[in-house]
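S.K.: Here's the letter readout for the chains.
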Amino acid sequence: MSAAPTETPVTETPVLDKQPDTTPGGGQSDAAAAVKGVPSRGPGLRARFAGSPKALIVGMALLFAIVTAAVTGNGTWPGGLEVDVKTPLTDLTDWLSLNRTTHPVFLYFLLHISNFAETAYLSLVDLFAAMGWLGVTVVVTLVAWAAAGADLSRRALRTGAIALGALALCGVLQMWEPTMETLSLMTVAVIASAVIGLLLGLASGLSDRCERVLRPVFDVMQIMPAFAYLLPLMLIFGIGQPPALIATVIYAVPPMARLTSLGLRAADPAALEASVSLGATGRQQLLTARLPLARKQMMLGLNQTIMMCLSMVVLASLIGAGGLGDRIYRAMATKDMGMALTAGISVVLIAVLLDRSTAAAGEQLQERVSQVATRAALLLRRGVWLLALVLFVVFALFGTALGQEAWPEAWSVDLTTGIQQGVDWITRELSFMANWSDAFARGVLNPVRSGLIAVPWWALLLLVAAVGWAVGTWRAAMTGVLCLALIGALGLWDASMDTLSQVFAGLALTVLVGVLIGVLAARVPTIERVLRPVLDVMQTMPQFVYLIPVIGLIGQGRAVGVFAAVIYAAPAVIRITTESLKQVDPTVLEASRSLGDTTSQQLFKVQLPLARKGLLVGVNQGVVLVLSMVVIGGMVGGGALGYQVVYGLSKQNLAIGLPAGAAIVCLGLMLDRLSQPREKHGGR
Amino acid sequence: MTDPNTNTAKTTEPTAADPAAPADPAAPAFAVRDLWKVFGPKADRIPGDPAHQALSTAELREKTGCTAAVRDVSFDVRRGEVFVVMGLSGSGKSTLVRTLTRLIEPTSGSIAMDGEDVLGMDKNRLRELRRRQTAMVFQHFGLLPHRSVLDNVAYGLEIQGVGKAERRAKAQEIVEKVGLAGMEERRPTQLSGGQQQRVGLARALAVDPEVLLFDEPFSALDPLIRRDMQEEVIRLHREEGRTMVFITHDLSEALRLGDRIMLMRDGAIVQLGTPEEIVANPADEYVRDFVRDVPREQVISVRRAMRPADAAESGSGKELAPDTLVVDAIEAVASSGEPCRVVEDGRTLGIVDHERLLAVVAGIDGTLADTEAVTV
Chain A
1 MSAAPTETPV TETPVLDKQP DTTPGGGQSD AAAAVKGVPS RGPGLRARFA
51 GSPKALIVGM ALLFAIVTAA VTGNGTWPGG LEVDVKTPLT DLTDWLSLNR
101 TTHPVFLYFL LHISNFAETA YLSLVDLFAA MGWLGVTVVV TLVAWAAAGA
151 DLSRRALRTG AIALGALALC GVLQMWEPTM ETLSLMTVAV IASAVIGLLL
201 GLASGLSDRC ERVLRPVFDV MQIMPAFAYL LPLMLIFGIG QPPALIATVI
251 YAVPPMARLT SLGLRAADPA ALEASVSLGA TGRQQLLTAR LPLARKQMML
301 GLNQTIMMCL SMVVLASLIG AGGLGDRIYR AMATKDMGMA LTAGISVVLI
351 AVLLDRSTAA AGEQLQERVS QVATRAALLL RRGVWLLALV LFVVFALFGT
401 ALGQEAWPEA WSVDLTTGIQ QGVDWITREL SFMANWSDAF ARGVLNPVRS
451 GLIAVPWWAL LLLVAAVGWA VGTWRAAMTG VLCLALIGAL GLWDASMDTL
501 SQVFAGLALT VLVGVLIGVL AARVPTIERV LRPVLDVMQT MPQFVYLIPV
551 IGLIGQGRAV GVFAAVIYAA PAVIRITTES LKQVDPTVLE ASRSLGDTTS
601 QQLFKVQLPL ARKGLLVGVN QGVVLVLSMV VIGGMVGGGA LGYQVVYGLS
651 KQNLAIGLPA GAAIVCLGLM LDRLSQPREK HGGR
Chain B
1 MTDPNTNTAK TTEPTAADPA APADPAAPAF AVRDLWKVFG PKADRIPGDP
51 AHQALSTAEL REKTGCTAAV RDVSFDVRRG EVFVVMGLSG SGKSTLVRTL
101 TRLIEPTSGS IAMDGEDVLG MDKNRLRELR RRQTAMVFQH FGLLPHRSVL
151 DNVAYGLEIQ GVGKAERRAK AQEIVEKVGL AGMEERRPTQ LSGGQQQRVG
201 LARALAVDPE VLLFDEPFSA LDPLIRRDMQ EEVIRLHREE GRTMVFITHD
251 LSEALRLGDR IMLMRDGAIV QLGTPEEIVA NPADEYVRDF VRDVPREQVI
301 SVRRAMRPAD AAESGSGKEL APDTLVVDAI EAVASSGEPC RVVEDGRTLG
351 IVDHERLLAV VAGIDGTLAD TEAVTV
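Here the protein sequences come in this chain order: A and B.
According to full-length UniProt numbering, the first sequence holds residues 1 to 684 in order.
According to full-length UniProt numbering, the second sequence holds residues 1 to 376 in order.
The hints are simulated quantities; they were obtained by calculation from the structure and are not laboratory data.
No residue lacks a Cβ here, since even glycine has one placed at the ideal position from N, Cα and C.
There's no promise every hint is true.
Pair by pair, the computed Cβ-Cβ distance ranges are [to be verified]:
| # | chain 1 | residue 1 | chain 2 | residue 2 | range |
| --- | --- | --- | --- | --- | --- |
| 1 | B | P50 | A | R215 | 42 to 50 Å |
| 2 | B | P41 | A | A266 | 21 to 29 Å |
| 3 | A | R612 | B | D117 | 52 to 60 Å |
To list a few chain B residues with every Cβ distance to chain A over 12 Å, as calculated [unchecked claim]:
| # | residue |
| --- | --- |
| 4 | A51 |
| 5 | A54 |
| 6 | S108 |
| 7 | R130 |
| 8 | G156 |
| 9 | E158 |
| 10 | G194 |
| 11 | G200 |
| 12 | L213 |
| 13 | L224 |
| 14 | E239 |
| 15 | H249 |
| 16 | T274 |
| 17 | P282 |
| 18 | V361 |
Given only the sequences and the hints, what does the whole structure look like? Please build it.
M.R.: This is how it looks when you write it as structure tokens:
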């Protein structure tokens with residue numbers, strides 16, 4: 001009963017994604033596609049439609065959209081239904097710039113936050129400068145080693161070596177100063193997000209009421225593209241570190257809060273009951289059982305929060321955060337690929353350093369659960385931490401006397417010119433790549449975009465409602481329709497269709513690449529082994545960095561954002577595909593083998609159908625990730641909504657940037673709800 | 001099925017010495033009356049309503065959306081006995097044991113511990129009861145993985161606020177008692193299932209409770225380990241005489257451990273009695289089905305198997321105590337080659353011979369035993 005209705009509509013969802021591909025710009029070919037496409041599916045599809053009313057409705061809505069598109073030819077949102085948001089937003093911008101220094105809300109509240117953020121940042125920059133390159137390298141390496149266990153195990157030594165190597169390479173690449181700025185920003189942002197995340201996580205883990213309020217907020221924050229946070233904060237706080245830090249904290253809080261709450265709620269019920277049965281008070285239970293049991297999840301949350309902080313700190317260079325991100329941003333503006341790549345490599349090094357250290361610290365904590373350390377090891381560990389502290393103080397006081405403030409000039413290599421020459425060679429010799437990307441933009445993106453614009457707005461609303469209802473619940477349909485209508489009302493219909501076309505193209509490529517590689521990795525252990533470290537690094541890299549190699553290869557343009565999005569989103573899809581295929585019940589696979597199934601029969605009749613739920617989660621993740629990258633592509637010629645946000649940021653123009661940011665959030669919400677399998681709602 | 005009043009009458013018998021001195025020495029360890037636990041919307045209306053009470057569990061769920069886990073249960077747990085609650089999964093036994101200390105709040109009825117009303121206790125008094133008077137051993141152990149064995153055992157004392165040195169010393173003593181000496185510094189994940197449950201048992205013993213509550217503690221263990229653990233419990237009970245309430249779905253475990261067994265089905269009591277009473281005299285078809293495969297000679301005593309002695313027999317033959325199990329009597333009769341006498345206080349109560357003992361083994365002693373059971 002319950003399985004049948006969910007099954008058919010879900011298999012139909014890809015049809016929605018492919019729909020624009022089959023509707024090229026010209027009117028007559030639209031009609032041809034409509035006539036040819038549907039009947040050629042044969043009786044199987046028709047029978048399935050007849051069996052499931054939901055699939056029938058989606059099919060009809062799709063047909064309706066195609067036919068009306070062919071008939072009307074242009075279906076943009078009517079000007080009469082637009083709401084003028086520009087005037088009030090311009091007024092607000094003016095008011096903000098007039099009152100930023102005088103209004104009590106700023107004077108007594110926001111200014112304090114801003115000043116605090118700035119002071120914390122500046123004192124850290126001063127501190128790192130006072131410690132000198134030697135002090136920072138020694139202390140960070142020591143801390144990484146200590147966090148990973150402070151022994152001679154492979155993990156601890158590797159973590160220390162990674163820390164040392166990453167910092168040294170940053171110095172060698174002449175990126176020492178921006179690296180220190182980024183590290184200062186990171187320190188402030190991570191501490192603030194971790195503390196706030198912990199408190200919110202405690203609240204929502206312990207109180208059901210808080211959970212009900214916070215959960216949907218975190219859900220929405222999770223799918224909001226990082227881009228959307230920047231503009232409002234810049235207008236309130238101006239340009240500089242404070243808005244960048246606050247945007248980072250807001251962006252990075254959810255994983256810590258979510259995982260803390262999850263850990264508190266997932267604690268072994270038997271242990272909690274045992275604690276109550278022994279007469280523990282609420283506080284005793286929290287401190288002795290719940291929090292310690294949630295430690296693993298909280299470490300994971302901290303790791304994710306740190307990685308999101310890095311991603312945002314780099315991106316926030318758009319509003320004056322400084323540091324490595326700023327180098328990338330400026331280099332991209334002047335098309336200095338050598339500089340962009342060098343700074344990008346440094347960002348990746350910092351990402352690897354932070355990710356490996358926190359992951360090693362988490363593993364080490366877990367290990368301590370399964371075995372008790374000897375007394376000597378405990379003493380040694382304490383000694384190392386103490387040594388790190390002492391060295392920290394010594395270097396902070398006398399660091400500059402022991403070594404220079406910045407990495408010594410003599411030990412550095414200038415790679416920028418070499419890289420620039422390489423990039424020049426690529427543009428000269430491998431120009432076919434740029435041509436391909438042009439062809440992709442003309443042959444795929446343009447037709448999809450004109451197809452989407454050709455569909456009348458009311459037909460598209462109907463289609464969204466039908467898909468939302470079929471895939472999820474009526475609530476998903478409502479959310480989708482409302483979001484789309486809001487986009488229209490904001491006067492951003494055409495720009496949003498442009499962004500949407502890029503998302504569809506990117507998603508189709510991502511799912512294709514992701515599922516193919518994911519299936520391969522699940523079936524061939526060697527591929528998985530090789531792939532794992534690559535995916536690890538790729539998933540820790542900040543979004544911003546993905547643009548650099550793509551620009552280096554194909555220059556700027558509309559396809560850049562799409563390709564970067566594919567590279568950015570594919571690792572997650574690969575991971576989820578591999579995991580869900582491997583989680584298929586082995587006894588079922590064994591049964592299928594014993595019945596003599598061929599490899600492809602096994603894959604298509606057993607593994608893929610059984611892994612369906614996981615694959616859908618992968619598609620959902622892919623949509624959200626592709627969108628967040630595609631809008632960043634607006635910085636490098638992607639146009640559409642992303643460009644309007646960038647424009648608003650650079651010109652401090654709320655009237656242009658804010659509606660575009662809101663439209664991005666609406667698109668994100670709509671796409672997420674339409675691709676979210678129903679089970680996810682049921683589970684809540 | 002069972003009349004609680006006869007049980008109450010019996011509790012006035014002298015009982016074994018209690019580890020903790022109760023407020024009212026005459027009162028049973030637990031006295032439960034008319035207890036209901038109903039899960040579902042507006043659960044309160046079910047217990048008071050005779051129309052609802054008459055429905056079966058399935059009908060009740062269909063009509064009201066409520067599930068009655070415990071239905072109108074009354075019983076006493078006597079001081080110093082091992083009281084086994086036995087039933088299949090879903091019979092409400094785990095819910096029942098949790099209502100005793102209000103880990104699950106009962107819907108209606110009354111519970112008294114040592115004569116003190118448990119349902120009327122405020123938060124602090126209830127916490128005090130959980131800290132000092134009862135302790136529970138869980139099916140899935142419920143150990144804290146981030147603590148060593150010793151700190152897990154000392155956990156209850158830590159909750160009570162006992163200082164570190166003192167609670168560790170006490171925990172050390174208990175760890176040795178349950179046979180875990182030398183493993184104090186290990187973590188629970190490094191122990192086998194049986195060892196983990198020993199830690200769970202030690203944690204419960206460490207707070208020196210008046211009553212130990214066991215919720216299917218050995219169900220997750222291998223059969224051989226389970227046997228070891230059952231012997232451990234028997235040994236502890238023999239040494240300390242602590243009152244125990246033991247939940248199980250395993251009949252052989254119930255028969256091995258129980259002084260008295262309460263059989264539950266669909267939340268209600270089917271039969272309450274000694275293992276011998278239940279095996280020899282099942283209350284209904286359900287119980288009869290249950291005990292069908294029990295080796296009867298290992299449960300039934302000669303008191304139940306004997307026939308009246310005639311004058312010629314009362315002077316000769318080997319003497320047996322009335323509590324002697326049939327399996328032992330068979331050995332005695334076979335080795336001596338003649339019927340044996342059942343003797344209590346120098347008085348011959350009856351005779352067991354080949355015929356009577358074989359009837360027990362074959363399970364055809366029922367009609368005869370029934371009449372005699374009344375006199376027991």
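S.K.: Compare the structure with each hint and give your call.
M.R.: Status of each hint after checking the structure:
1. The beta-carbon spacing between P50 of chain B and R215 of chain A, approximately 44 Å, falls within the hinted interval of 42 to 50 Å.
2. For the hinted restraint 21 to 29 Å between P41 of chain B and A266 of chain A, the CB-CB distance of approximately 27 Å keeps it satisfied.
3. Against the hinted window of 52 to 60 Å, the Cβ-Cβ separation of R612 of chain A and D117 of chain B comes to about 56 Å, which satisfies the hint.
4. No Cβ of chain A approaches the Cβ of A51 of chain B within 12 Å, the least distance being about 32 Å, so the stated non-interface status holds.
5. At roughly 32 Å from the closest C-beta of chain A, the C-beta of A54 of chain B stays outside 12 Å, upholding its exclusion from the interface.
6. The Cβ of S108 of chain B lies farther than 12 Å from every Cβ of chain A, with a closest approach of about 22 Å, so its non-interface assignment holds.
7. A beta-carbon of chain A comes within 12 Å of the beta-carbon of R130 of chain B; the shortest separation is about 4 Å.
8. Interface exclusion of G156 of chain B from chain A breaks down, the closest Cβ pair being 4 Å apart, not more than 12 Å.
9. Separation of E158 of chain B from chain A is inadequate, the least Cβ-Cβ distance of about 7 Å not exceeding the 12 Å criterion.
10. For G194 of chain B, the requirement that its beta carbon stay farther than 12 Å from each beta carbon of chain A is met, with the minimum near 17 Å.
11. Its beta-carbon lying about 8 Å from the closest one in chain A, G200 of chain B breaks the requirement of being farther than 12 Å from that chain.
12. Residue placement check: L213 of chain B does not keep its beta carbon more than 12 Å from all beta carbons of chain A (closest about 8 Å).
13. Residue-level check passed: L224 of chain B sits 23 Å from the nearest beta carbon of chain A, beyond 12 Å.
14. Annotated as non-interface, E239 of chain B keeps its C-beta farther than 12 Å from every C-beta of chain A; the closest such distance is 23 Å.
15. Even its closest Cβ contact with chain A, about 17 Å, leaves H249 of chain B beyond 12 Å, as expected for a residue assigned away from the interface.
16. T274 of chain B, annotated as away from the interface, keeps every beta carbon of chain A farther than 12 Å; the closest lies near 29 Å.
17. With a least CB separation of 34 Å from chain A, P282 of chain B remains clear of the 12 Å interface cut-off, as annotated.
18. The beta carbon of V361 of chain B sits about 42 Å from the closest Cβ of chain A, which is more than 12 Å, so the claim that it is off the interface holds.
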